[in-house]
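Engineer: From first to last, the protein sequence lines stand for chains A and B.
Under the numbering used here, the first residue of the first sequence carries the number 1, and numbering increases by one thereafter.
Under the numbering used here, the first residue of the second sequence carries the number 1001, and numbering increases by one thereafter.
Do not rely on the hints blindly, as some may be mistaken.
[Said to hold, decoys possible] Pairwise CB distance ranges (calculated): (1) A:Asn71 - B:Ile1385: 54 to 64 Å; (2) A:Gln21 - B:Ala1460: 23 to 33 Å; (3) B:Ala1472 - A:Pro123: 36 to 46 Å; (4) A:Ala163 - B:Glu1468: 37 to 47 Å; (5) A:Pro92 - B:Glu1408: 26 to 36 Å; (6) B:Glu1468 - A:Gln21: 12 to 22 Å; (7) B:Glu1390 - A:Asn131: 44 to 54 Å; (8) B:Ala1472 - A:Asn131: 24 to 34 Å; (9) A:Pro92 - B:Glu1468: 40 to 50 Å.
These are calculated hints, taken from the structure and not from any lab test.
Backbone N, C-alpha and C define an ideal beta-carbon position, used for all residues, glycine too.
What follows is each chain in one-letter form.
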Amino acid sequence: MQKPPVKEAIDWQDIHRRIDQLSNAIDGNWQADPAHVHTTLNRRARELAVPLHNATAAEQVMELLEFSLANERYGIGSAFVREVCPLTQFTPVPCTPSFVLGIINVRGEIISVVDIRKFFALPETGLPDLNKIIIVYNDAVAPGKPMLFGILADFIVEVREVAVAAIQPPSNITGIRADYLLGVTANGLAVIDAEKLLADKAVIVDENV
Amino acid sequence: MKWSVGAKIGSGFALALVILLAIGVSSYQNTSSMIDAAAWRTHTYAVIADLEHLLSIIKDGETGQRGYIITGQSEYLGPYKDAVSTVRPALDELVTLTHDNVSQQRQLERLKPLIQTRFAQFKSIIELRDAKGFDVAVASVQLGEGKKVMDEIREIIAEMRVEEQRLLKIREQRADEDTHRAIAVIIYGIPVAFVLLAILATLITRNIAEPLRELAAGAVKIAEGDLTINLKANAERADEVGALVRAFVNMIDGLQHMAAVAGRIAAGDIRDKVQPRSPRDVLGNAFAIMLDKLRAMTSEINSGVNVLVSAAAEILAATTQMAAGSAETATAVSQTASTVEEVKQTAVLASNKAQRVADNAQTAVAISQDGSQAVQASIEAMRRIQEQMESIAESIVRLSEQGHAIGEIIATVNDLAEQSNLLAVNATIEAAKAGEQGKGFAVVAQEVKSLAAQSKQATAQVRGILGEIQKATSAAVTTTERGSREVETGDQLSVKLDEVIHGLTDSISEAARAATQIAASSQQQLVGMDQVALAMQNIREASTQNVASNKQTESAAQNLHQVGLRLKQLVEQYQV
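Start from the sequences and build out the full structure, keeping to the hints where you can.
Structural biologist: Spelled out as structure tokens, the structure:
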């Protein structure tokens, strides 16, 4: 009977040492390496850095809320945005057009939610998250009784400023969507004409329907 | 010329008969004409004689008259009286003789009154004499009337004689011509007929005899067995010769057909089907039967020969193998004999070795008992390792569960980060609404947002690490499980090893006993080997003889096979 080939012997002592170290760290006696912390923070800062917008006085600037919907990035003027909130629970409303998802309760206030994919007649491709709501409003038309509804979004990216001159009119976009777009920025952001959207009669659901 | 041979010969003969008839007729005619001519000559002479007789009668009358005148005696009247009595019959006879001649009849008619007149004159003169005497009578005569009539009569008779003479001449001339013609017919006709008949005979003979001779020559050739003769030249003839030639041609065709069949049979092709030319075709029937029998026979022979050839081939193969085998056997026997010698020596060695093996086996028994104890210890160790492995596996599972708890916590943190992000966005919007005063607040909101993003990143990293830990623990569990199994296998192997060692010990004990027995047996073996060596010597001699006889058998089988092959070739020449 032959002996099996002998493996390299396990360094049990080294293993014990490493386990002790880890135990100490978990007990709070752990001190991070200052150099490591510094480099990590620097790296993160670079990743998250937003280029400074050198707005000159002459240049007109528009503040946009950027969000993602059905794998496309949209921007909507932040002036028309009241707030954003997560979609936790909604109630479907019968006898409404298909683009109306239903109604939600935001701090006691009932707000209707619109799926602009359906409103724009976009193809419903992929598996969207659809767990964010952008509440838009316009107080200017009828003060005291503003137009108000929520827009469904996959996720919210950020708020940023864009030069009005940088928004190009939509050229390769057709259909209903084109009517509600102000234009497209150089980096492919479709800017929604919130004013028009809020003024649209189609969004208003007649109670008699 | 579509005449039969009979018609040809008949026509030749008919021509000959016609010529013969022509010559006969001509001769007959000639002879009759000559007879006629003679008759006519006689007739003519008779007429002339009668004429002379008539004239002489008249003269007699005259003479009587004259005598009487002169003499006056009645005795001189005798010729006259005779003449009166004979003149009429003579005249009548002339009329009868010349009834076929119109001119003579006419002359006779003229003559008759003249004669009557003359005789009347005679009578009157005589009467005158009687009455008046001589002088008156002479005076009456001197008148010359009588002479005148007499001259006329003479003239007419002379004319008639001349006429008869002329007719005679004409008839004789005609008879002469006939005779000449007959002679000419005989002189020229016979040679011409001869030549004509000769030519005809030659033609007919050649026309019939020539083909017959050719046919005869052909028949002789056929009799000699030569069938290449060509008789087609006369086959078209419609006569009996043509029929004969056609019959011959038919016969030759039949013979040639038979000869061809026979030739093919000779060449070995007996596939022909001979149709007998008639139920009485002896040769054809014989050929047909012969072919049938030949076919049957050849088929049978063929199959027989095939069987023979294959049997001979098998025998040959068998004997060859046998010869080879016996040669090998002989060699093997020789080798075996020498091997037996070697084996004998080996047996001696084996006997010695067997003793040593028995000793070694005893030692092996002791060693194997030690081995058995060691294996028992190993089994114990394996059991302990198994327990340790189980505790390791449990620890790892616990570790994995704790990792999962961490994952849940991380999910909560991620949710918080998400909400923080939304809050930051809302804050930014609010700050924007506040205008210039909200600017600082906007910066704070931006910071909150970046913190939320960092939290999210951190949670993602933690989740990744947790995934790795999960994988590592899974691998560890799997490894531990495998180790546990290995240990189990080791345990089983140890148990089996224990059994094996026990078995080994038993076997070795058995072997020791067997070795002792082997030593005893090998002694007996030695004695047996001697006997085997002797037997081998006998076998060797026998196998040598065997080899020799097998060689003979092989050559005999070879010959048989050759004969079979030759027979097969011979039979294969016949195509059935």
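Engineer: Which hints, by number, does the structure contradict?
Structural biologist: Checked against the structure, no hint fails, so every one of them is satisfied.
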